[in-house]
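Top line first, the protein sequences correspond to chains V and R.
Residue numbers are given in my numbering: position 11 of the first sequence equals residue 11, and the series is strictly consecutive.
Residue numbers are given in my numbering: position 77 of the second sequence equals residue 220, and the series is strictly consecutive.
None of these hints come from the bench; they were simulated from the model.
Heads up, the beta-carbon is just placed ideally off N, CA and C, and yes, glycines get one too.
Warning: the hint list may mix true and false statements.
Some, not all, of what chain R presents toward chain V, calculated at C-beta under 10 Å [unchecked claim]:
| # | residue |
| --- | --- |
| 1 | S173 |
| 2 | A179 |
| 3 | L186 |
| 4 | A188 |
| 5 | K206 |
| 6 | M210 |
| 7 | L256 |
| 8 | A258 |
| 9 | I259 |
Pair by pair, the computed Cβ-Cβ distance ranges are [claimed, not checked]:
| # | chain 1 | residue 1 | chain 2 | residue 2 | range |
| --- | --- | --- | --- | --- | --- |
| 10 | R | S148 | V | E58 | 27 to 33 Å |
| 11 | V | R140 | R | A184 | 30 to 36 Å |
| 12 | V | V42 | R | V274 | 35 to 41 Å |
| 13 | V | R140 | R | P235 | 27 to 33 Å |
| 14 | R | T169 | V | L22 | 38 to 44 Å |
| 15 | V | S38 | R | I278 | 19 to 25 Å |
| 16 | R | S148 | V | T26 | 25 to 31 Å |
| 17 | R | G238 | V | D57 | 27 to 33 Å |
| 18 | R | S270 | V | C50 | 47 to 53 Å |
| 19 | R | G275 | V | L22 | 30 to 36 Å |
| 20 | R | T169 | V | S38 | 32 to 38 Å |
| 21 | R | T169 | V | D57 | 21 to 27 Å |
Calculated Cβ distances over 12 Å to all of chain V for the following chain R residues [unchecked claim]:
| # | residue |
| --- | --- |
| 22 | R150 |
| 23 | S151 |
| 24 | R153 |
| 25 | R195 |
| 26 | F200 |
| 27 | Q205 |
| 28 | S270 |
| 29 | H277 |
Next come the chains, spelled out residue by residue.
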Amino acid sequence: MTISKLPPWAFTLIALAPALALLPFTKVVPSEAVLLWSGLAVFWSVAFSCLGWRRLDETGRAAHISAWVWGGSSALFAMLIVVGVMRTVPGASQALVDFIDGFSKKHPAGETGFIFGVLAAAMVQAVGYFLAWLLCWGRRRGA
Amino acid sequence: MTRLSARSWRIIAALGFWVLIIAAWTVGGSPGLAIAYTAGAWLAAFSLQAWRRQDEFEKSAQKFSWMFGGLFGLLISLALLPVATQPGVLSPLIGWVANALGSVDPVTPAFVLGAIYIALGQLVGFSVCWVGWHISKR
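Based on the sequences and whatever the hints tell you, model everything.
Put into structure tokens, the structure is as follows:
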């Protein structure tokens with residue numbers, strides 16, 4: 001099977017592979033290498049996501065767009081509410097503070113907290129998008 | 144009020160949101176946070192109202208812009224992380240958020256700033272794409 005014959009979901013897996021492959025090694029690999037790998041992984045995932053998008057039919061594209069608009073934005077909104085709750089509920093942020101402090105002693109707590117905020121927002125959004133996408137397909141199959 | 148156009152609802156949503164956010168930032172602490180939540184609820188409520196009033200052309204513009212513009216903004220935000228995490232850039236911003244939140248530990252305001260950074264990046268990407276869509280289609 002040549003790459004041009006692959007189904008869209010296979011392109012999604014290929015797109016995500018380098019980013020997921022890095023996760024177990026983030027603590028042992030030097031941070032400069034992690035940064036370089038992450039940058040390359042972003043370019044890789046964009047390229048293969050575009051290839052996967054081109055192979056999708058209109059129904060599949062509409063499902064992705066709706067999922068990102070409703071699932072992604074709702075999740076991002078919820079994330080911003082949660083970070084506010086962390087501030088108001090006493091001790092709610094302590095688990096996060098401890099986790100970030102324990103994650104890497106090489107970087108200042110503020111810098112690590114910022115990166116975790118960025119990643120958490122992006123990941124929560126991706127989860128919201130994925131759940132909405134599943135819901136979208138579930139509805140269409142049920143109809 | 145129910146006869147207002149989608150554009151009017153959008154203007155009400157955006158103006159009210161930014162006025163409340165500025166008020167939240169000025170007041171600071173827990174009352175400021177309560178105002179920020181109100182701003183979020185305001186934006187969600189009036190944006191949904193605008194969405195209902197929009198025609199399919201406008202809905203397509205917003206969906207397309209949020210999907211491609213938002214994603215592009217997200218990627219640009221990630222690509223700019225090495226710049227954003229420079230101590231000269233990050234420390235004053237964290238201090239700014241810490242003052243507004245009245246926070247004592249350095250992690251919580253940094254975490255909040257990270258989440259806001261991602262949301263703002265997408266908002267900028269969305270806006271650029273939305274304007275581009277209208278210029279190209281009209």
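Hints, one by one, checked against the model:
1. This hint holds: S173/R has a C-beta 6 Å from the nearest C-beta of chain V, less than the 10 Å allowed.
2. Annotation: A179/R was flagged as interfacial toward chain V, and the flag holds, the nearest CB pair being 7 Å apart, inside 10 Å.
3. Proximity of L186/R to chain V holds as hinted, the smallest CB-CB distance being about 9 Å (cut-off 10 Å).
4. The closest approach between the C-beta of A188/R and any C-beta of chain V is roughly 12 Å, which is over the 10 Å cut-off, so the hint fails.
5. With a cut of 10 Å, the hint placing K206/R at the interface with chain V holds, because the nearest CB-to-CB distance is about 5 Å.
6. About 5 Å separates the beta-carbon of M210/R from the nearest beta-carbon of chain V, less than 10 Å, and the hint is met.
7. The closest approach between the C-beta of L256/R and any C-beta of chain V is roughly 6 Å, which is under the 10 Å cut-off, so the hint is satisfied.
8. Here the hint on A258/R is kept, as its CB sits about 4 Å from the closest CB of chain V, short of 10 Å.
9. Contact between I259/R and chain V, as hinted, is supported at the beta carbon level, the nearest pair being about 7 Å apart and thus within 10 Å.
10. In this structure, S148/R and E58/V meet the distance hint of 27 to 33 Å, their C-beta atoms being roughly 30 Å apart.
11. Between R140/V and A184/R the CB atoms are about 31 Å apart, so this pair conforms to the stated range of 30 to 36 Å.
12. V42/V and V274/R have their C-beta atoms about 25 Å apart, which leaves the hinted 35 to 41 Å range violated.
13. Between R140/V and P235/R the CB atoms are about 49 Å apart, so this pair departs from the stated range of 27 to 33 Å.
14. The hint said 38 to 44 Å for the Cβ distance between T169/R and L22/V, and at roughly 42 Å that hint holds.
15. Between S38/V and I278/R the Cβ separation comes to about 34 Å, which falls outside the hinted range of 19 to 25 Å.
16. Separation of S148/R from T26/V is about 50 Å and departs from the stated range, judged on CB atoms against 25 to 31 Å.
17. At about 50 Å, the CB distance of G238/R to D57/V disagrees with the hint of 27 to 33 Å.
18. Range check, S270/R to C50/V: about 23 Å between beta-carbon atoms, so the 47 to 53 Å window is missed.
19. The hinted window of 30 to 36 Å between G275/R and L22/V holds, with their beta carbons roughly 33 Å apart.
20. Our hint of 32 to 38 Å for T169/R and S38/V holds, since their Cβ atoms are close to 37 Å apart.
21. Under the hint 21 to 27 Å, the C-beta atoms of T169/R and D57/V, about 50 Å apart, miss the expected range.
22. Listed as outside the interface, R150/R is consistent with that label: its C-beta sits roughly 19 Å from the nearest C-beta of chain V, beyond the 12 Å cut-off.
23. Against chain V, the non-interface label of S151/R holds: every CB pair exceeds 12 Å, the least being about 22 Å.
24. Separation of R153/R from chain V is adequate, the least Cβ-Cβ distance of about 15 Å exceeding the 12 Å criterion.
25. With a least CB separation of 14 Å from chain V, R195/R remains clear of the 12 Å interface cut-off, as annotated.
26. Taking the minimum C-beta to C-beta distance to chain V, about 15 Å, the non-interface status of F200/R holds against the 12 Å cut.
27. Not every CB of chain V lies more than 12 Å from the CB of Q205/R, the least distance being 8 Å, so the non-interface label is violated.
28. Every C-beta of chain V lies more than 12 Å from that of S270/R, the closest at about 14 Å, which supports listing it as non-interface.
29. Against chain V, the non-interface label of H277/R holds: every CB pair exceeds 12 Å, the least being about 18 Å.
Checked against the numbered hints listed earlier, the structure breaks hints 4, 12, 13, 15, 16, 17, 18, 21, 27; every other hint is satisfied.
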